[in-house]
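Enquirer: Sequence:
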Amino acid sequence: MEIIDTHCDALLKLTEDPSRSFTDNSDIQTNYHHLQTGNVKLQFFAIFIEPEIKQNHKFDHVLDQVQAFYEKILKPNPRMKHIRQWQDMFDLKEGEIGAVLALEGLDAIGNDLTKMSILTQLGVLSVGLTWNFANLFADGVNETRGAGLTELGKEMVLEFNKKGILTDVSHISEKGFWDVMERAEFPIASHSNAKAICNSPRNLTDEQIKALILKGGYMGLVLYPEFLTGTKQAAIKDLASHIEHICSLGGENLIGIGSDFDGIDCFITDVEHSGKLPFLLQELTKFFPVELIEKIAHQNFKAFIQRKFI
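Per full-length UniProt numbering, the sequence shown starts with residue 1, numbered consecutively.
There could be a bad hint or two in this list.
Derived lysine-lysine pairs resembling DSBU-like cross-links, with alpha carbons at most 35 Å apart [unchecked claim]:
1. K286 <-> K93
2. K210 <-> K232
3. K286 <-> K54
4. K54 <-> K13
5. K175 <-> K93
6. K215 <-> K81
7. K175 <-> K163
8. K81 <-> K115
9. K286 <-> K302
10. K115 <-> K237
11. K75 <-> K115
12. K58 <-> K302
13. K58 <-> K215
14. K237 <-> K81
15. K154 <-> K237
16. K308 <-> K75
17. K215 <-> K237
18. K215 <-> K286
19. K286 <-> K232
20. K302 <-> K232
21. K276 <-> K13
22. K210 <-> K276
23. K75 <-> K58
24. K162 <-> K286
25. K163 <-> K115
26. K286 <-> K276
27. K81 <-> K302
28. K163 <-> K215
29. K154 <-> K276
30. K175 <-> K210
31. K58 <-> K286
32. K115 <-> K154
Just so you know, the hints here were simulated from the structure itself, not pulled from any lab data.
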């Protein structure tokens, strides 16, 4: 069973320690070996800049991660294929793995929109306007004032629509979510769960989930225990609870996987890297029919892209 994963933070690890190899370094939960053994067909690689980095250095760090994507992920592993347009995903051959470059927060570009154009030319296909805090484009989920998109943020979403870029709502404030939904043609929650099951600000309310369904969007379920149970521990049955709830809202065709591997420090029991994803799916068949598991594994994301782009 093929697997599509819409979020990992391997690029941050690869730039934090340049000695790490993407091919088989055990510190990288989404390394090439794990992706192969996990039958991952498409992996999103997020560019994430730590908030403590000074503003005038942030874009340099973005470019460092883009370089790591090209030099440490693609170049040494010729069967890793850069997805530069969405049709490329459907053109992958047997044994090839698609790699999508994503941006988690626009903090690094400041108010210089030409920097976003540069990243688009370098192949970024999915963007979250902000991480957990406010920037010039939007408020994040940890901002107590709960503001939404700025005028610059609204302009950026319309630009994403023109360029075929996904607008990711996983870290945005609730007001920002609704502002995005009014404007985005290609909305995605790359790594979020159901707030009704685990009351984290990073999870989505029933109303938000229903809005994504109505908009024909996509939602990758995150495997981080803090967003599954609110603790450092979680089992596969806890993920099943989120799946069951979202399906009860009509989300059977909405959900997939957005693991957050390489950005998390605790795991669902026995699911500590990408190579364990087939085990996860097999265990989920104890709770759900295999037809639903196929949808979650890869069919829902493919259908989302086909609806929107193909």
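Enquirer: Confirm or reject each hint.
Expert: How the hints compare with the structure:
Taken as a hint, the K286 and K93 pair is honoured in the structure, with Cα atoms around 31 Å apart against an allowance of 35 Å. A C-alpha spacing of about 28 Å is found between K210 and K232, which places the hinted pair at or below 35 Å, so the restraint holds. Our distance criterion of 35 Å between C-alpha atoms is broken by K286 and K54, whose separation comes to about 48 Å. Between K54 and K13 the alpha-carbon distance is near 19 Å, which keeps this suggested pair within the 35 Å criterion.
A threshold of 35 Å between alpha carbons decides the hint, and for K175 with K93 the separation of about 41 Å lies outside it, so the pair is violated. Restraint check for K215 and K81: satisfied, since their Cα atoms lie roughly 29 Å apart, inside the 35 Å limit. Proximity of K175 to K163 is assessed by CA-CA distance (about 24 Å); at most 35 Å being required, the pair is judged to hold. Note on K81 and K115: the hinted pairing holds, with a Cα-Cα distance of about 24 Å set against a maximum of 35 Å.
Taken as a hint, the K286 and K302 pair is honoured in the structure, with Cα atoms around 24 Å apart against an allowance of 35 Å. Between K115 and K237 the CA atoms are separated by roughly 43 Å; this puts the pair beyond 35 Å, and the hint is violated. For the proposed pair K75 and K115, the alpha carbon gap of about 24 Å is at most 35 Å, so the pair holds. Among the hinted pairs, K58 with K302 is consistent with the structure: their alpha-carbon atoms are about 33 Å apart, no more than 35 Å.
With a C-alpha separation of about 33 Å, the suggested pairing of K58 with K215 holds against the 35 Å cut-off. Taken as a hint, the K237 and K81 pair is honoured in the structure, with Cα atoms around 34 Å apart against an allowance of 35 Å. Taken as a hint, the K154 and K237 pair is broken in the structure, with Cα atoms around 39 Å apart against an allowance of 35 Å. Between K308 and K75 the CA atoms are separated by roughly 30 Å; this keeps the pair inside 35 Å, and the hint holds.
Taking the CA atoms of K215 and K237, the gap is near 29 Å; set against the 35 Å cutoff, the hint holds. At most 35 Å may separate the alpha-carbon atoms for a hinted pair to count; K215 and K286 meet this at roughly 30 Å. Restraint check: the Cα-Cα separation between K286 and K232 comes to about 24 Å, which is no more than 35 Å; the hinted pair holds. Among the hinted pairs, K302 with K232 is consistent with the structure: their alpha-carbon atoms are about 32 Å apart, no more than 35 Å.
Of the supplied pair hints, the one linking K276 and K13 holds, its CA atoms being roughly 20 Å apart against a limit of 35 Å. As the CA atoms of K210 and K276 are separated by approximately 30 Å, the hinted pair is consistent with the 35 Å bound. A hinted pair counts as satisfied when its Cα atoms are at most 35 Å apart, and K75 with K58 qualifies at roughly 25 Å. Straight-line distance between C-alpha atoms of K162 and K286 comes to about 42 Å, which puts the hinted pair past the 35 Å bound.
Among the hinted pairs, K163 with K115 is consistent with the structure: their alpha-carbon atoms are about 15 Å apart, no more than 35 Å. Taking the CA atoms of K286 and K276, the gap is near 16 Å; set against the 35 Å cutoff, the hint holds. For the proposed pair K81 and K302, the alpha carbon gap of about 17 Å is at most 35 Å, so the pair holds. Distance hint between K163 and K215 is fulfilled; the C-alpha atoms sit about 18 Å from each other, no more than 35 Å.
With a CA separation close to 39 Å, the supplied pair K154 and K276 exceeds the 35 Å bound. Distance check on the hinted pair: K175 and K210 sit about 15 Å apart at the alpha-carbon level, within 35 Å; holds. Between K58 and K286, the direct Cα distance comes to roughly 45 Å. Violation of the 35 Å bound is thereby established for this hinted pair. Proposed proximity of K115 and K154 is supported: the alpha carbons are some 17 Å apart, at most 35 Å.
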